[in-house]
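Visitor: If you want the building blocks of each chain, they are given just below.
2 protein chains.
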Amino acid sequence: MTTAAKRQLKLGAILEGVGADHTSWRDPALAGDASIDIGWYIDNARLAEAAKFDLVFIVDSPFITPDTAPHFLNRLEPLTLLSALAVSTSKIGLVGTLTTSYWEPYNVARQFGSLDHISKGRAGWNVVTTGLEGASRNYGRNAHFDHAVRYERAGEFVDVVQGLWDSYEDDAFPRDKAAGVFLDKDKQHALNHKGPHFQVAGPLALSRSNQGQPVIFQAGVSGAGRDLGARIAEGVFAGVDGFEDAQEYYADLKARAAAQGRDPDHISVLPGLSPVIADTDEEARALAEAQRGSVSIDKLLTQLGRAFGYHDFKQYPLDGPFPDVSGLSLNAYKGHAERIVRISREQNLTLRQAAERFGTWRSDFVGSPQTIANEIQRWFEGRAADGFILRVTRPRDFALFREEVVPLLQARGLFRTEYEHDTLRGHLGLPVPENRWTRSPGQLAAE
Amino acid sequence: MTTAAKRQLKLGAILEGVGADHTSWRDPALAGDASIDIGWYIDNARLAEAAKFDLVFIVDSPFITPDTAPHFLNRLEPLTLLSALAVSTSKIGLVGTLTTSYWEPYNVARQFGSLDHISKGRAGWNVVTTGLEGASRNYGRNAHFDHAVRYERAGEFVDVVQGLWDSYEDDAFPRDKAAGVFLDKDKQHALNHKGPHFQVAGPLALSRSNQGQPVIFQAGVSGAGRDLGARIAEGVFAGVDGFEDAQEYYADLKARAAAQGRDPDHISVLPGLSPVIADTDEEARALAEAQRGSVSIDKLLTQLGRAFGYHDFKQYPLDGPFPDVSGLSLNAYKGHAERIVRISREQNLTLRQAAERFGTWRSDFVGSPQTIANEIQRWFEGRAADGFILRVTRPRDFALFREEVVPLLQARGLFRTEYEHDTLRGHLGLPVPENRWTRSPGQLAAE
Numbered sequence: 001m002t003t004a005a006k007r008q009l010k011l012g013a014i015l016e017g018v019g020a021d022h023t024s025w026r027d028p029a030l031a032g033d034a035s036i037d038i039g040w041y042i043d044n045a046r047l048a049e050a051a052k053f054d055l056v057f058i059v060d061s062p063f064i065t066p067d068t069a070p071h072f073l074n075r076l077e078p079l080t081l082l083s084a085l086a087v088s089t090s091k092i093g094l095v096g097t098l099t100t101s102y103w104e105p106y107n108v109a110r111q112f113g114s115l116d117h118i119s120k121g122r123a124g125w126n127v128v129t130t131g132l133e134g135a136s137r138n139y140g141r142n143a144h145f146d147h148a149v150r151y152e153r154a155g156e157f158v159d160v161v162q163g164l165w166d167s168y169e170d171d172a173f174p175r176d177k178a179a180g181v182f183l184d185k186d187k188q189h190a191l192n193h194k195g196p197h198f199q200v201a202g203p204l205a206l207s208r209s210n211q212g213q214p215v216i217f218q219a220g221v222s223g224a225g226r227d228l229g230a231r232i233a234e235g236v237f238a239g240v241d242g243f244e245d246a247q248e249y250y251a252d253l254k255a256r257a258a259a260q261g262r263d264p265d266h267i268s269v270l271p272g273l274s275p276v277i278a279d280t281d282e283e284a285r286a287l288a289e290a291q292r293g294s295v296s297i298d299k300l301l302t303q304l305g306r307a308f309g310y311h312d313f314k315q316y317p318l319d320g321p322f323p324d325v326s327g328l329s330l331n332a333y334k335g336h337a338e339r340i341v342r343i344s345r346e347q348n349l350t351l352r353q354a355a356e357r358f359g360t361w362r363s364d365f366v367g368s369p370q371t372i373a374n375e376i377q378r379w380f381e382g383r384a385a386d387g388f389i390l391r392v393t394r395p396r397d398f399a400l401f402r403e404e405v406v407p408l409l410q411a412r413g414l415f416r417t418e419y420e421h422d423t424l425r426g427h428l429g430l431p432v433p434e435n436r437w438t439r440s441p442g443q444l445a446a447e
Numbered sequence: 001m002t003t004a005a006k007r008q009l010k011l012g013a014i015l016e017g018v019g020a021d022h023t024s025w026r027d028p029a030l031a032g033d034a035s036i037d038i039g040w041y042i043d044n045a046r047l048a049e050a051a052k053f054d055l056v057f058i059v060d061s062p063f064i065t066p067d068t069a070p071h072f073l074n075r076l077e078p079l080t081l082l083s084a085l086a087v088s089t090s091k092i093g094l095v096g097t098l099t100t101s102y103w104e105p106y107n108v109a110r111q112f113g114s115l116d117h118i119s120k121g122r123a124g125w126n127v128v129t130t131g132l133e134g135a136s137r138n139y140g141r142n143a144h145f146d147h148a149v150r151y152e153r154a155g156e157f158v159d160v161v162q163g164l165w166d167s168y169e170d171d172a173f174p175r176d177k178a179a180g181v182f183l184d185k186d187k188q189h190a191l192n193h194k195g196p197h198f199q200v201a202g203p204l205a206l207s208r209s210n211q212g213q214p215v216i217f218q219a220g221v222s223g224a225g226r227d228l229g230a231r232i233a234e235g236v237f238a239g240v241d242g243f244e245d246a247q248e249y250y251a252d253l254k255a256r257a258a259a260q261g262r263d264p265d266h267i268s269v270l271p272g273l274s275p276v277i278a279d280t281d282e283e284a285r286a287l288a289e290a291q292r293g294s295v296s297i298d299k300l301l302t303q304l305g306r307a308f309g310y311h312d313f314k315q316y317p318l319d320g321p322f323p324d325v326s327g328l329s330l331n332a333y334k335g336h337a338e339r340i341v342r343i344s345r346e347q348n349l350t351l352r353q354a355a356e357r358f359g360t361w362r363s364d365f366v367g368s369p370q371t372i373a374n375e376i377q378r379w380f381e382g383r384a385a386d387g388f389i390l391r392v393t394r395p396r397d398f399a400l401f402r403e404e405v406v407p408l409l410q411a412r413g414l415f416r417t418e419y420e421h422d423t424l425r426g427h428l429g430l431p432v433p434e435n436r437w438t439r440s441p442g443q444l445a446a447e
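Keeping their order, the protein sequence lines are chains A and B.
Going by the working numbering, the residue at position 143 of the first sequence is 143; the numbering climbs one at a time, nothing skipped.
Going by the working numbering, the residue at position 325 of the second sequence is 325; the numbering climbs one at a time, nothing skipped.
Please note that a few of the clues may not be correct.
Just so you know, same-sequence chains aren't split out, so a pair can sit in one copy or run between any two.
[To be verified] Listed below are the simulated EDC-like cross-link pairs for lysine to aspartate or glutamate, each with C-alpha atoms no more than 16 Å apart in a straight line:
1) K177 x E104
2) K194 x E152
3) K185 x E338
4) K254 x D227
5) K187 x D170
6) K187 x E434
7) K185 x D67
Just so you know, the hints here were simulated from the structure itself, not pulled from any lab data.
Produce the entire structure from the sequences given, and follow the hints as far as they go.
Guide: Here you go:
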């Protein structure tokens with residue numbers, strides 16, 4: 001068990017361009033083309049690195065409609081984006097989202113492995129299964145995979161990718177020019193995976209980086225999602241609803257990881273963070289209120305419906321009780337949708353109240369820099385979080401966090417003042433995984 | 001018809017790390033890890049840009065064996081690699097190879113579209129169908145697609161990707177902060193493609209770059225390959241066997257393009273170039289001889305077999321006639337394999353002679369810088385090539401070409417001394433394709 005003194009707060013930055021909400025893009029200080037401008041990403045990644053953040057994080061989704069939020073409508077693709085950031089930064093981790101439902105494991109292993117070399121050991125893969133039914137139509141399928149199948153496939157997909165990443169032992173390449181021996185052929189290994197969903201022979205044409213393998217992130221909320229996270233994830237982008245819910249999620253996920261024989265310290269729980277910061281708590285609350293008020297109820301209902309696969313909530317009376325959606329399959333964002341239904345029922349929310357609560361980012365972090373730092377510390381020390389992933393869109397908000405909140409966290413000894421490592425595994429306190437072909441039988445048994 | 005005076009020689013650089021042959025990696029001046037070192041690629045891309053090359057070119061293959069040539073055994077993946085180069089250079093084109101046999105069109109459209117934004121209009125996609133049967137086992141298939149099916153799929157795949165690239169009209173995003181209008185929804189277009197091999201709805205979550213769409217490259221040799229190239233390619237990496245063969249290929253491809261109603265000037269024919277350069281022709285010939293002699297006959301036979309899907313040629317008598325391979329399906333590199341058989345028969349080559357001829361790069365360009373420049377000019381003016389793609393591995397060879405050959409080509413007015421454009425389309429003299437949703441009916445009819 002690690003002591004509290006040794007724990008290190010982790011901070012990530014979601015670089016989200018013009019924003020996954022419907023208002024941020026109207027900020028006069030934010031360029032309208034931020035989501036497709038590599039310069040915007042490079043500038044913000046460098047700012048995050050100067051503030052000693054652990055990582056930048058790129059969200060994704062392979063499906064849009066005309067009503068999709070601005071950032072998702074028109075944006076750079078995660079792998080190409082992160083490779084450009086890799087040569088524009090030197091320390092910060094680079095985590096990209098990619099779905100296991102519509103890719104080939106061999107291609108994913110190559111691209112994240114390559115990013116890991118280009119960044120010299122700073123790559124991470126946020127494994128998602130894609131919630132939106134419509135994605136299937138971009139990939140030649142009439143229907144999206146069922147929720148349970150998606151998680152089965154995801155688990156096997158990650159196993160295959162991690163197997164491919166171990167294709168070469170670390171000393172496989174003598175590169176002996178005099179003797180003419182480039183490769184030691186005995187240290188190249190085919191995977192020959194044959195599973196229910198994937199058959200992949202290998203080997204991958206790529207050796208391991210200095211952090212061994214890219215770090216695995218995940219963001220599951222449902223039971224199946226949590227089980228997968230507990231087995232494979234080294235970082236979790238946690239969708240939680242307030243402090244108590246976060247504590248429950250944190251304890252549950254760490255317990256599930258321990259039950260699988262893993263060290264719970266090797267899985268960081270990182271809720272999303274959308275703070276509203278001002279000089280005083282009162283000003284911050286007024287600002288948060290104004291931001292909420294600027295979003296139309298139509299957009300809130302659209303966003304609420306997203307968790308239910310873009311279910312049309314405009315058909316129900318706004319001030320009636322939260323509608324009965326028990327007939328819906330909940331195949332999209334199952335965990336999120338179930339939570340919305342449960343809380344709306346428990347708290348007798350009207351549809352309007354539910355839309356206001358769940359149709360935009362809920363922020364538990366509204367106040368002065370001091371108040372924000374206090375709240376971060378409370379969550380961290382209360383085991384509701386190992387750190388946070390900050391949404392970065394508006395320049396003012398990010399500047400206040402870096403310049404006013406981070407120094408308070410540093411002064412309290414919660415957050416680093418200098419990088420102690422060069423790799424993402426180093427930042428997160430994760431060991432370099434040994435190559436499966438060089439592990440001793442004893443090591444294998446101990447895992 | 002363009003006049004000879006207006007024609008501009010094009011030069012590309014294949015950045016091939018430790019080399020697709022079996023000897024380059026032993027060069028003392030070449031780092032053994034060049035193929036996985038982004039620094040090596042950045043340095044050489046910048047050198048190519050300083051020499052005013054049109055483009056860098058990244059070859060690829062999704063299958064290896066222990067006997068694969070050093071560069072292919074362990075190398076960076078093209079898209080991630082090129083994105084890193086995109087922010088490390090400012091003018092030079094960036095062309096990556098990707099197979100249509102084992103990817104999803106939606107993912108390919110996103111990644112090359114994103115590279116096109118990151119590079120500000122310098123992306124190109126070299127469309128290949130994958131020759132090696134073994135690739136199928138990395139993607140859950142028992143057998144590789146048949147040659148004919150591969151080319152059918154490739155044509156439809158490119159149609160889908162180009163359709164997705166036009167998802168937004170160029171003025172689709174008013175981004176009117178005062179009025180709260182980010183997207184003009186009438187200017188977002190779903191593709192709704194339903195073809196024999198792919199069904200893709202769209203829209204893609206990415207607008208067009210300043211060159212409209214990435215440039216399409218291709219490298220077909222067989223009849224089906226040439227037909228596809230004539231229809232879709234704007235640049236062709238031509239595998240040719242000497243001046244006369246190149247002239248035939250050039251005339252044939254341009255005629256096939258014209259027959260499809262295309263402007264033959266909008267398809268550049270660019271053979272690969274592996275010159276052996278020394279102070280005098282005599283020294284260069286001796287150097288070429290020494291390089292050839294350093295490759296064992298076993299490696300030459302392996303490399304010869306690659307065109308036939310790694311057929312084992314070691315089973316035949318070395319000094320007997322080229323063996324009868326008429327029982328082989330030629331499903332791998334069909335065009336190359338057919339040419340090897342044809343020439344070996346015509347010239348009564350023994351197996352050893354065929355291996356020496358086809359098992360390593362055939363160079364028609366051996367001599368002093370003056371001789372190399374003369375030969376390039378002869379091919380260019382003799383309509384055997386619109387330019388060349390130079391293999392870059394050994395530092396000395398690349399330096400001699402840049403410092404000794406390029407200035408001669410520039411002095412003769414064949415090659416640019418400064419970039420006149422910022423995009424790959426600009427360099428290659430290609431127009432920006434109009435978005436299909438804004439073309440007038442008259443324009444459509446004229447195409």
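Visitor: For every hint, state whether the structure bears it out.
Guide: Verification of the supplied hints:
1. Taking CA atoms no more than 16 Å apart as the test, K177 paired with E104 passes in neither setting, with 36 Å inside one copy and 40 Å between copies.
2. Proximity of K194 to E152 under the C-alpha cut-off of 16 Å is restricted to the intra-copy arrangement: shortest distance 14 Å within a copy versus 29 Å between copies.
3. Proximity of K185 and E338 under a CA criterion of 16 Å is satisfied in neither setting, with 52 Å inside one chain copy and 31 Å between copies.
4. Taking CA atoms no more than 16 Å apart as the test, K254 paired with D227 passes inside one copy only; the shortest distance there is 11 Å, against 58 Å between copies.
5. With identical chains, the CA atoms of K187 and D170 are at most 16 Å apart within one copy only, with a shortest distance of 8 Å there and 51 Å across copies.
6. In this assembly of identical chains, the alpha carbons of K187 and E434 lie at most 16 Å apart only when taken from the same copy (14 Å versus 51 Å across copies).
7. Within a single copy, K185 and D67 get their C-alpha atoms only as close as 54 Å, which misses the 16 Å cut-off; across copies the closest is 8 Å, which meets it.
Hint compliance for this structure: hints 1 and 3 are not met, and every other hint is.
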